[in-house]
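Protein chains: 4
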Amino acid sequence: MYRWNNDYNHGAHPAILQALQQTNQDAFAGYGLDEWCKKGSLEIKKYLGRTDVDIHFLLGGTQANYTLISHALRPWQSAVCADCGHINSHETGALEHAGIKILTAPAEDGKLSAKALHEIVAAYRSSDVKEHITEPKLVYLSFPSELGTVYSKEQLQAIKQECVQNDLLLFIDGARMGYGLGAAGNDVDLKFIASLTDAFYLGGTKCGALFGEALVIVNDALKKHFRASMKQNGGMLAKGWLLGLQFYTLFADGLYFEITKKADAQADLIRNAFVKKGIALCPENRTNQIFVALDREQEKILAEKHIFENEGYSQDGRRIVRFCTSWSTDAADVDALIADIEKL
Amino acid sequence: MYRWNNDYNHGAHPAILQALQQTNQDAFAGYGLDEWCKKGSLEIKKYLGRTDVDIHFLLGGTQANYTLISHALRPWQSAVCADCGHINSHETGALEHAGIKILTAPAEDGKLSAKALHEIVAAYRSSDVKEHITEPKLVYLSFPSELGTVYSKEQLQAIKQECVQNDLLLFIDGARMGYGLGAAGNDVDLKFIASLTDAFYLGGTKCGALFGEALVIVNDALKKHFRASMKQNGGMLAKGWLLGLQFYTLFADGLYFEITKKADAQADLIRNAFVKKGIALCPENRTNQIFVALDREQEKILAEKHIFENEGYSQDGRRIVRFCTSWSTDAADVDALIADIEKL
Amino acid sequence: MYRWNNDYNHGAHPAILQALQQTNQDAFAGYGLDEWCKKGSLEIKKYLGRTDVDIHFLLGGTQANYTLISHALRPWQSAVCADCGHINSHETGALEHAGIKILTAPAEDGKLSAKALHEIVAAYRSSDVKEHITEPKLVYLSFPSELGTVYSKEQLQAIKQECVQNDLLLFIDGARMGYGLGAAGNDVDLKFIASLTDAFYLGGTKCGALFGEALVIVNDALKKHFRASMKQNGGMLAKGWLLGLQFYTLFADGLYFEITKKADAQADLIRNAFVKKGIALCPENRTNQIFVALDREQEKILAEKHIFENEGYSQDGRRIVRFCTSWSTDAADVDALIADIEKL
Amino acid sequence: MYRWNNDYNHGAHPAILQALQQTNQDAFAGYGLDEWCKKGSLEIKKYLGRTDVDIHFLLGGTQANYTLISHALRPWQSAVCADCGHINSHETGALEHAGIKILTAPAEDGKLSAKALHEIVAAYRSSDVKEHITEPKLVYLSFPSELGTVYSKEQLQAIKQECVQNDLLLFIDGARMGYGLGAAGNDVDLKFIASLTDAFYLGGTKCGALFGEALVIVNDALKKHFRASMKQNGGMLAKGWLLGLQFYTLFADGLYFEITKKADAQADLIRNAFVKKGIALCPENRTNQIFVALDREQEKILAEKHIFENEGYSQDGRRIVRFCTSWSTDAADVDALIADIEKL
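Chains A, B, C and D supply the protein sequences, listed in that same order. If you read the first sequence in our numbering, its first letter stands for residue 1, the second for the next number, and so on. If you read the second sequence in our numbering, its first letter stands for residue 1, the second for the next number, and so on. If you read the third sequence in our numbering, its first letter stands for residue 1, the second for the next number, and so on. If you read the fourth sequence in our numbering, its first letter stands for residue 1, the second for the next number, and so on.
Any given hint could turn out to be false.
What the hints assert, rightly or not - Okay, derived cross-link-like pairs now, DSSO-like style, lysine-lysine, Cα gap no bigger than 27 Å in a straight line: (1) B/Lys223 - D/Lys115; (2) C/Lys130 - A/Lys223; (3) D/Lys305 - D/Lys277; (4) A/Lys153 - A/Lys130; (5) B/Lys115 - B/Lys130; (6) B/Lys305 - A/Lys130; (7) A/Lys38 - D/Lys45; (8) B/Lys224 - D/Lys160; (9) A/Lys130 - C/Lys223; (10) B/Lys130 - A/Lys300; (11) B/Lys39 - D/Lys130; (12) B/Lys223 - D/Lys153; (13) C/Lys223 - A/Lys224; (14) D/Lys262 - B/Lys130; (15) C/Lys224 - A/Lys224; (16) D/Lys130 - C/Lys300; (17) C/Lys46 - C/Lys160; (18) B/Lys305 - C/Lys300; (19) B/Lys38 - C/Lys39; (20) D/Lys39 - A/Lys305; (21) A/Lys224 - A/Lys45; (22) C/Lys223 - C/Lys153; (23) A/Lys224 - C/Lys130; (24) C/Lys130 - D/Lys300; (25) A/Lys262 - A/Lys46; (26) C/Lys130 - D/Lys305; (27) D/Lys223 - D/Lys45; (28) A/Lys130 - C/Lys39; (29) A/Lys38 - C/Lys130; (30) D/Lys223 - B/Lys224; (31) C/Lys223 - C/Lys262; (32) C/Lys223 - A/Lys39; (33) A/Lys130 - C/Lys130; (34) C/Lys223 - C/Lys46; (35) D/Lys261 - B/Lys224.
Calculated from the structure, these hints are not laboratory results.
With the rest of the complex left out, here is chain A (with noise of 0.2 Å):
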């Protein structure tokens, strides 16, 4: 069987194990006051264009989300986000069990929309008791969103506009942030990221790591007592050296970016494979996701050689399904899975 269904489901790249072996000898400070930290961290901000940032590691996505979010915000204010988003829909409730509400809008092909984001920054504005309601204060959106779309430029642009106006927080997950960089027609970069936004952070679990992800903060007014609260929701590792050391592995020849950039292109062969068959894309993307649409005959025969995982029913009653590649996917398994789509 082929294994489709996520992109963590393999350990790391080698390098990242060969440099685990190599500094295995060796013994460093711990939580994180390393050298690793400290090397790892310097070479992320190569691509930043910036240095004044600070750069923690955490253990994983969900953790860094509700983190740096409690961390940023003050209990009568909120997150906002699209209705599909992580942080809504697949954190267990992380959010509001660490005292903060979310306020949604209607996702456009997974992603937040300005003008929705406006409506609701604008609700609280206009509101004659604004004591009974919360304060919109951060906005949470990915990079690539939850089905594999991604942000322009402009996109962006037009929700920090909003964020200037309005004095909101922005914050990108980006545990697929390799995908969405590498995706075709991307025009965003790290430089222009790490310029629009508050925070975010570099998702190592799904692009290459064993596991890890590297939160940037660039708004100096969430720094202060950050690694208290790392420490206080249980994402202080004690070898921290390990998660430095991996991110300076991905980060020190541009690894991270080669290996996520060539998972988007095997995506590409197979969303072609797909749409030659005239089987819909939904949505269309050019990351690592594939979402397609699949007839009960279509699905049962892919379903005997290969693993993909369920994400609903379209309108008409096809099931939804995706496959994705990854740093890990290998040629063969792309060419075997075309052939079997090719013959349905």
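Put chains B, C and D on the given structure of chain A with help from the hints.
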């Protein structure tokens, strides 16, 4: 100026103040462990047709809502309500602040439908990754709804059926319970509500008391340690007898039902006046809250002598406003308003 | 039976009920945005010697404590108090429930000492791993203390000095403020307290009001959004004027100070009677709470006619009990108690 | 420089890295639903003498502690521990952040005594106002304790007896479990611990793994929905098999016990060297942490070649420091340290 903007703009029914006066020389045990809380509970129980409930007196509706719900739910469980539900829209995220996520369904005339509830529960039931989402576990609705409409017996039974089939708790916010029960055409009574719910409360603040809400806990599993939850959430009044005494006064001779029914009838008169003028009710209801869509001229004229509440805009651009009658509304004021409506 | 067990066993000073009666026909804006809240605030400010404070009326002490403290602190910060502090010992963990850790120091006669505070702060300051512990950030004390003792001006200044040197907030719980200010030998007044603290409250519940506490926010940084915190924590009364009116009544002519001072004097008479009998005060104080250690026989005899509160045992095995006078205590009752003490 | 400051300054036992390497080409189901988590659990269960437990793999100790305890307790309940307990002293108030109050007793050589526990519970049981305080409901202790001492079977049985008599849960933090079990004179084994507790965890981070803790839930009432709590608290690793595989590797052939026992023996050698020099152990223990009081000269000399951790001051003004051995400690390093101690 006449104040119609809400139903809590006067102190208390004279009988309440008289009761406070008459007991002011007496000394009582603190924290609700006094004779008046017992007597108030007994009088309420007579209307419930059952004595196996616990009754606690809290200070306000927001407090009653989040204290009961956060007492009832575990961190991984969520509350379900209509999107316009008070806990979702007017309580500054108090429930999320208490760690509980709210799942919302689009309201129909202010009400949650059994069908919408079913869909939310079905989505959880059919999920392959239940531990990544919250378990819908409690249904919150208010009687009457935020828009003054009342649920029929049949509608509540359909909701209850979903609750039984899916092991959900049912909680009714009765901040305006008297006005719901007294509405023309209502077929629900407190016996029915006490047979249906796991907990509900009878509002005092808006129904003749100075302040206070009587929370009725029906489900045995929710009874234990509730006083600790009250204390922990700032809801245990040192001079608890002030609340018991007020509810005794309202329920001993049925005053609660009489004064709210009167207000419903007054609202009907006002509604009739609007309808005669061709001014749309939005929505129609028979309780003490009147929602109408006024054009700019109508709004301006009425605002000269009357204070009412802005509720947003209708799709055709007219202003939706709310007029409330209450236990304290004078017949003469109703006449004055009607006269002004007729002059429009 | 005479009730001495607490100072909140009667309704309200007659002037309070009269004020409620006189305004009962009037309609007011809701949620504390009314004229009585303004007028009540103005009267209080006259005693503070400053007008640049925000005054909010809350419903009870526990609520005032956790709402203010959790509004003021961030998740990684903690509150410091004496181990017997009300927030630590009598509020069902309300502050921890709101996410805030409490650091405690052994009390001296119910009071926190500047020295103990210094040690707690020094331990944080000297820590190499500050992100693994909470930052002590707010000092909580009550005036008078849990044991009815009052801090001298000098003691408070010493505590303030620690706060200034270490950037700590100072918050005073004044649930019994009147009794503290009226105590023989007390050298503190409200002007001093308002010059010293970041926030404090003046208790109404135990000092002549039906219910309610007036929270004074001095520090500008704590003012913004406090009404949202009140609403979110169930502390915003719909009929807010009921609170403003009560505090207006208590402060407009100094009634607050007069009735609490009288109670202190009554307590002094009772204390004298105990001391004459050789019964030890534990500890000595001059406010309305009398703590004495009774042997079994003394306890039994007094319990025949008097209700008092059990406070544990002294080291020599006698029962420590509390008698309270209050604004509602009759001179005749004091005489009766003294006569019974003399007969021991 | 030799690093003795903690027991988590090296990566992982070589067998762990080898296992990661060997499985790196394989694809697995996510979130702990894979075969290695099953196999790891099975190996652990062999040492517990029972299979009716749930085993979950979490990422770190703080996370394991607050996730389990806040899953187990309701808001009005509290956890009891020694004042030096890790949850009270080194986790940035994580448990209070999760809403849970901690009640502490003075530690005896780092341990909670059954007697101190009894007093805390008795204070609650005898209270007349239970709803004003939290209900002590869970006992937290670590094995070995914060000071490296181990509880005897008899001590744990006495604590268990208190738990049984008062309906308390017993939870053991086993971050250093291996070092406790391997200590000379220890009479406790995992079978005993699994028979005694409601939940406990086996630390991997400090005992040979790269990272990870294996939480064993014994009490059926705590099992349901625990995966939801893990996800909500950021403790569910996407690539869960990384944890299962590590614990399989440590437990399949008893490696866990072997490598920690070796470290205990190394620590004994170092302790002997200190004692021979007349340097006091504070306290005495037989696990991998060595606490000694050094005078300024001794400290200075040892610091030239060795890194150790500052733990405060003894009453006579000497510095208390900690040296740790671990699974990764070389015999040659031990010899070097002993030689330097002998030269003092």
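Consistency of the hints with the structure:
no. : hint                : verdict
1   : B/Lys223 - D/Lys115 : violated (32 Å)
2   : C/Lys130 - A/Lys223 : holds (15 Å)
3   : D/Lys305 - D/Lys277 : holds (18 Å)
4   : A/Lys153 - A/Lys130 : violated (33 Å)
5   : B/Lys115 - B/Lys130 : holds (21 Å)
6   : B/Lys305 - A/Lys130 : holds (26 Å)
7   : A/Lys38 - D/Lys45   : violated (40 Å)
8   : B/Lys224 - D/Lys160 : holds (25 Å)
9   : A/Lys130 - C/Lys223 : holds (15 Å)
10  : B/Lys130 - A/Lys300 : holds (24 Å)
11  : B/Lys39 - D/Lys130  : holds (23 Å)
12  : B/Lys223 - D/Lys153 : violated (39 Å)
13  : C/Lys223 - A/Lys224 : holds (22 Å)
14  : D/Lys262 - B/Lys130 : violated (43 Å)
15  : C/Lys224 - A/Lys224 : holds (21 Å)
16  : D/Lys130 - C/Lys300 : holds (24 Å)
17  : C/Lys46 - C/Lys160  : holds (23 Å)
18  : B/Lys305 - C/Lys300 : violated (67 Å)
19  : B/Lys38 - C/Lys39   : violated (37 Å)
20  : D/Lys39 - A/Lys305  : holds (26 Å)
21  : A/Lys224 - A/Lys45  : holds (19 Å)
22  : C/Lys223 - C/Lys153 : holds (26 Å)
23  : A/Lys224 - C/Lys130 : holds (12 Å)
24  : C/Lys130 - D/Lys300 : holds (24 Å)
25  : A/Lys262 - A/Lys46  : holds (22 Å)
26  : C/Lys130 - D/Lys305 : holds (26 Å)
27  : D/Lys223 - D/Lys45  : holds (16 Å)
28  : A/Lys130 - C/Lys39  : holds (23 Å)
29  : A/Lys38 - C/Lys130  : holds (20 Å)
30  : D/Lys223 - B/Lys224 : holds (22 Å)
31  : C/Lys223 - C/Lys262 : violated (34 Å)
32  : C/Lys223 - A/Lys39  : violated (43 Å)
33  : A/Lys130 - C/Lys130 : violated (37 Å)
34  : C/Lys223 - C/Lys46  : holds (20 Å)
35  : D/Lys261 - B/Lys224 : violated (47 Å)
Going down the numbered hints, you'll see the structure goes against 1, 4, 7, 12, 14, 18, 19, 31, 32, 33, 35, while the others check out.
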